[in-house]
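Peer 1: Okay, here's what each chain looks like letter by letter:
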Amino acid sequence: MSKVKPAPLPPDTVIGGYRIVRKLAAGGFGVVYLAVDTEGQQVAVKEYLPSSLATRGPGELLPQVQPEKLSLYRLGLKSFFEEGRALAQISHASVVSVLNFFRENETVYMVMNYLEGASLQEFIITARELKKEKVFRESTIRSLYDEILRGLRIVHQHKMLHLDIKPANIFVTDDNRSVLIDFGAAREVLSKEGNFIRPMYTPGFAAPEMYRRDSSMGPWTDIYAIGACIYASMQGYPPNDAPQRLEKDRLSLSLSRLRGVYSDNLIEVVEWCMSLDPLSRPQSVFALQKELSRETERSYTKLTVAEKMRLQFDSMVSDNKKSAHRTDAGTKFR
Amino acid sequence: MKFSVYQISRQGGRERNEDRMGYAYTRESGLFVLADGMGGHPEGAMAAQLALQTFSAYFQKAANPAVREVPEFLNSALMAAHHQIIRYAAEKGMLDTPRTTLVAAVMERNQMHWVHCGDSRLYIVRDGELLARTRDHSYMEQEAHLGRATDHINRNILFTCLGSPAKPVLDLSGPMQLVQGDRVLMCSDGLWGTVTDAEIVSELARRPLEQAVPELVAMALKRGGPRCDNVTVLAMEWETAEEFQATCVSTEDIDDGVFASTIQSGVPDPTIEDMDDKAIERSIAEINEAIRRTAERNS
Chain B
1 MSKVKPAPLP PDTVIGGYRI VRKLAAGGFG VVYLAVDTEG QQVAVKEYLP SSLATRGPGE
61 LLPQVQPEKL SLYRLGLKSF FEEGRALAQI SHASVVSVLN FFRENETVYM VMNYLEGASL
121 QEFIITAREL KKEKVFREST IRSLYDEILR GLRIVHQHKM LHLDIKPANI FVTDDNRSVL
181 IDFGAAREVL SKEGNFIRPM YTPGFAAPEM YRRDSSMGPW TDIYAIGACI YASMQGYPPN
241 DAPQRLEKDR LSLSLSRLRG VYSDNLIEVV EWCMSLDPLS RPQSVFALQK ELSRETERSY
301 TKLTVAEKMR LQFDSMVSDN KKSAHRTDAG TKFR
Chain R
1001 MKFSVYQISR QGGRERNEDR MGYAYTRESG LFVLADGMGG HPEGAMAAQL ALQTFSAYFQ
1061 KAANPAVREV PEFLNSALMA AHHQIIRYAA EKGMLDTPRT TLVAAVMERN QMHWVHCGDS
1121 RLYIVRDGEL LARTRDHSYM EQEAHLGRAT DHINRNILFT CLGSPAKPVL DLSGPMQLVQ
1181 GDRVLMCSDG LWGTVTDAEI VSELARRPLE QAVPELVAMA LKRGGPRCDN VTVLAMEWET
1241 AEEFQATCVS TEDIDDGVFA STIQSGVPDP TIEDMDDKAI ERSIAEINEA IRRTAERNS
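Residue numbers (the numbering used here), protein chains in the order written: chain B, 1 to 334; chain R, 1001 to 1299.
Isolated chain B, as found in the complex:
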């Protein structure tokens, strides 16, 4: 296995008529570049270049794939195409759009709209550093997720699931739109360890059924992730992952800390979305939208003295464990 990441294409390289400006990001599946088309329009170009299967020396164009990894490399290509296929069918302001797809340098490229802004994850990290009572205002949370849910509804209408919704995949543009990005990890990812395909999920945001990877996945699987994202937007940290919750569920407890800070309704929505039983969650985006947009008088239920004491007691006994979780959470929110 190569420890060295494949080198990105150097600036000013021209591929498929697009001139590369700089590298924007690199992940397990490849590299994303900022590029300009022949008319000077900025675009994002995603290059298929799985770091565990391909190498590329600095300044070179063609990736090298060892013969024994070739079939896996081609298999990964399928997932890359899957993302293209999914996005090609959807045109919605809250879903990243794909503009073109082409082959060059013995690999493939997907051209997408270039979005200026930052991911929700970056916003959460910045906001939580301020150490205020609230990470985001409730009205901000409601309108942000209202937009995201509109996009997700279209995705589901096309009989597709995102399967990797998390703050890092929600992009907030400079002109204040929120956009769902990265449909690539949605299906399968090539394991770094060996020659097999394992399901891909992000702890904290993946519903329990994602770990089983069976047919119980559905719109409610994305809805669990939405609930987890709202949770993170309130707490500043991701929730415990599903296996942990199945062992000992502390979700209600940690949500109770937010009582009085956020409305009872919003807290209930999160608990509803994050039900461990898929059937207990909102079964469609529409059902969730309806609940989330219900602008009734917000009620806040403050903690009682007894509840506060119990919370304190809980944080004393679980202090070590909790701090471990927190560092963990920090790395997840890399």
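Mixed in with the good hints, there may be bad ones.
Some chain B residues near chain R, calculated using beta-carbon distances under 8 angstroms [unchecked claim]:
| id | residue |
| --- | --- |
| 1 | PHE81 |
| 2 | VAL98 |
| 3 | ASN100 |
| 4 | PHE102 |
Think about it this way: if two alpha-carbon atoms lie no more than 20 angstroms apart in a straight line, the pair counts; the simulated EDC-like pairs of lysine to aspartate or glutamate are [unchecked claim]:
| id | chain 1 | residue 1 | chain 2 | residue 2 |
| --- | --- | --- | --- | --- |
| 5 | R | LYS1278 | B | GLU106 |
| 6 | R | LYS1222 | R | ASP1197 |
| 7 | R | LYS1092 | B | GLU209 |
| 8 | R | LYS1222 | R | GLU1203 |
| 9 | B | LYS159 | R | GLU1015 |
| 10 | B | LYS78 | R | GLU1281 |
| 11 | B | LYS302 | B | GLU268 |
| 12 | B | LYS290 | B | GLU271 |
| 13 | R | LYS1278 | B | GLU104 |
| 14 | B | LYS290 | B | GLU122 |
| 15 | B | LYS290 | B | GLU138 |
| 16 | R | LYS1002 | R | GLU1289 |
| 17 | B | LYS69 | R | ASP1277 |
| 18 | B | LYS78 | R | ASP1277 |
| 19 | B | LYS78 | R | GLU1289 |
| 20 | B | LYS78 | R | ASP1276 |
| 21 | R | LYS1002 | R | GLU1252 |
| 22 | B | LYS78 | B | GLU106 |
| 23 | B | LYS69 | B | GLU116 |
| 24 | R | LYS1167 | R | ASP1276 |
| 25 | B | LYS69 | R | ASP1276 |
| 26 | R | LYS1061 | R | GLU1289 |
Listed next, with one range per pair, are the computed distances between beta-carbon atoms [to be verified]:
| id | chain 1 | residue 1 | chain 2 | residue 2 | range |
| --- | --- | --- | --- | --- | --- |
| 27 | B | LYS23 | R | ASP1276 | 47 to 55 angstroms |
| 28 | R | GLU1072 | B | GLN244 | 51 to 59 angstroms |
| 29 | B | ARG250 | R | PRO1165 | 43 to 51 angstroms |
Derived by calculation from the structure, the hints in this document are not laboratory data.
The C-beta atom is built at its ideal place from N, Cα and C for all residues, glycine as well.
Starting from the known structure of chain B, arrange chain R on it as the hints suggest.
Peer 2: Same frame as chain B, now just chain R:
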């Protein structure tokens, strides 16, 4: 090749909609499939989905850009779909297998062939007359065909389907020469259970597809009441005279290697195979075709 297509699926009073449908086409060939996942057995929707995907994958391979041996194609795709379902059940160690009905048609070179297994139907209407209709693989239709009384028979009992341990019985029909304006309707039993053949024919004959089909579906849902079965209809018209905005497909301007499909892979691809150069080129062309279609739809 030019056709219009209209598809609609409505959940009745059932907990789930296990009907699936879709179509795919190349420049010279069009495939239409509808499957109704069966209740009383596990994961009916999965059986229907696997059947559709298998047909789509087989079609993608066979249509280059025409499927030469259409009957052979329909036969082998149906058997492959059946085996995919059995394999799925075996891999999951299921005690009972998922099951589905299926009806599929291929149109190319002004001809249509179709196959069916179970009680999902295909109707062909020309000049306001019913030209042909599939005969359900149910005890009721069998008895009716033999001229016996059928009022004591439950229409839902089928003697064959995909996914059951017994080898599916299938009926292959065609070729039938298509004439401009011919209308073909495929449906699950949710439609024909409450709407008569005569009504289906007269609706199809009277109005354009995009009005007739929703009207038929609404009729079925209304009559089915709160316990109505799911109603799924996929209808097409051969070489539509006037252009319908949303439903018209003209395959003339698509490239040779291109394959377009409305059938999504919701479960792992049943035909995992190596991506060779041709497959890569084809995938790219397909995606660009989809991008173009989406852009067109929104402009």
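Peer 1: None of the hints should be skipped; say for each whether it holds.
Peer 2: Each hint, compared with the structure:
1. Proximity of B:PHE81 to chain R holds as hinted, the smallest CB-CB distance being about 4 angstroms (cut-off 8 angstroms).
2. Residue-level restraint check for B:VAL98 holds (minimum Cβ-Cβ distance to chain R is 6 angstroms; threshold 8 angstroms).
3. For B:ASN100, the shortest C-beta to C-beta distance to chain R is roughly 7 angstroms, which falls under 8 angstroms, so the interface hint holds.
4. With a cut of 8 angstroms, the hint placing B:PHE102 at the interface with chain R holds, because the nearest CB-to-CB distance is about 7 angstroms.
5. Note on R:LYS1278 and B:GLU106: the hinted pairing holds, with a Cα-Cα distance of about 13 angstroms set against a maximum of 20 angstroms.
6. Pair hint R:LYS1222 plus R:ASP1197 holds up; C-alpha atoms about 17 angstroms apart against a cutoff of 20 angstroms.
7. The hinted pair formed by R:LYS1092 and B:GLU209 meets the criterion: a straight-line CA distance of about 15 angstroms does not exceed 20 angstroms.
8. For a cut-off of 20 angstroms, the pair hint linking R:LYS1222 to R:GLU1203 stands: about 16 angstroms separates their Cα positions.
9. Annotation: proposed proximity of B:LYS159 to R:GLU1015 holds, straight-line Cα distance about 18 angstroms (limit 20 angstroms).
10. For the given pair, B:LYS78 sits about 12 angstroms from R:GLU1281 by alpha-carbon distance, which is consistent with the 20 angstroms threshold.
11. Under the criterion of a C-alpha separation no larger than 20 angstroms, the hint pairing B:LYS302 with B:GLU268 is consistent with the structure, at around 14 angstroms.
12. This hinted pair checks out: B:LYS290 and B:GLU271 have alpha carbons roughly 16 angstroms apart, not beyond 20 angstroms.
13. Among the hinted pairs, R:LYS1278 with B:GLU104 is consistent with the structure: their alpha-carbon atoms are about 14 angstroms apart, no more than 20 angstroms.
14. Only pairs whose Cα atoms come within 20 angstroms are accepted, and B:LYS290 paired with B:GLU122 is rejected, the gap being roughly 28 angstroms.
15. Our distance criterion of 20 angstroms between C-alpha atoms is met by B:LYS290 and B:GLU138, whose separation comes to about 16 angstroms.
16. For the hint pairing R:LYS1002 with R:GLU1289, the CA-to-CA distance comes to about 17 angstroms; that is within 20 angstroms, so the pair holds.
17. For the proposed pair B:LYS69 and R:ASP1277, the alpha carbon gap of about 16 angstroms is at most 20 angstroms, so the pair holds.
18. For the proposed pair B:LYS78 and R:ASP1277, the alpha carbon gap of about 12 angstroms is at most 20 angstroms, so the pair holds.
19. Restraint check for B:LYS78 and R:GLU1289: satisfied, since their Cα atoms lie roughly 17 angstroms apart, inside the 20 angstroms limit.
20. Of the supplied pair hints, the one linking B:LYS78 and R:ASP1276 holds, its CA atoms being roughly 11 angstroms apart against a limit of 20 angstroms.
21. Restraint check: the Cα-Cα separation between R:LYS1002 and R:GLU1252 comes to about 8 angstroms, which is no more than 20 angstroms; the hinted pair holds.
22. About 15 angstroms separates the Cα atoms of B:LYS78 and B:GLU106, which keeps this hinted pair within 20 angstroms; it holds.
23. Restraint check: the Cα-Cα separation between B:LYS69 and B:GLU116 comes to about 36 angstroms, which exceeds 20 angstroms; the hinted pair is violated.
24. Proximity of R:LYS1167 to R:ASP1276 is assessed by CA-CA distance (about 33 angstroms); at most 20 angstroms being required, the pair is judged violated.
25. Proposed proximity of B:LYS69 and R:ASP1276 is supported: the alpha carbons are some 14 angstroms apart, at most 20 angstroms.
26. At roughly 18 angstroms between alpha-carbon atoms, R:LYS1061 and R:GLU1289 fall within 20 angstroms of each other, so this suggested pair holds.
27. Range check, B:LYS23 to R:ASP1276: Cβ separation about 30 angstroms, and the 47 to 55 angstroms hint is violated.
28. Take R:GLU1072 and B:GLN244: their Cβ atoms lie about 54 angstroms apart, and the range 51 to 59 angstroms holds.
29. One distance hint, 43 to 51 angstroms for the beta-carbon pair B:ARG250 and R:PRO1165, holds here, with the actual separation near 47 angstroms.
The earlier numbered hints that this structure contradicts are 14, 23, 24 and 27.
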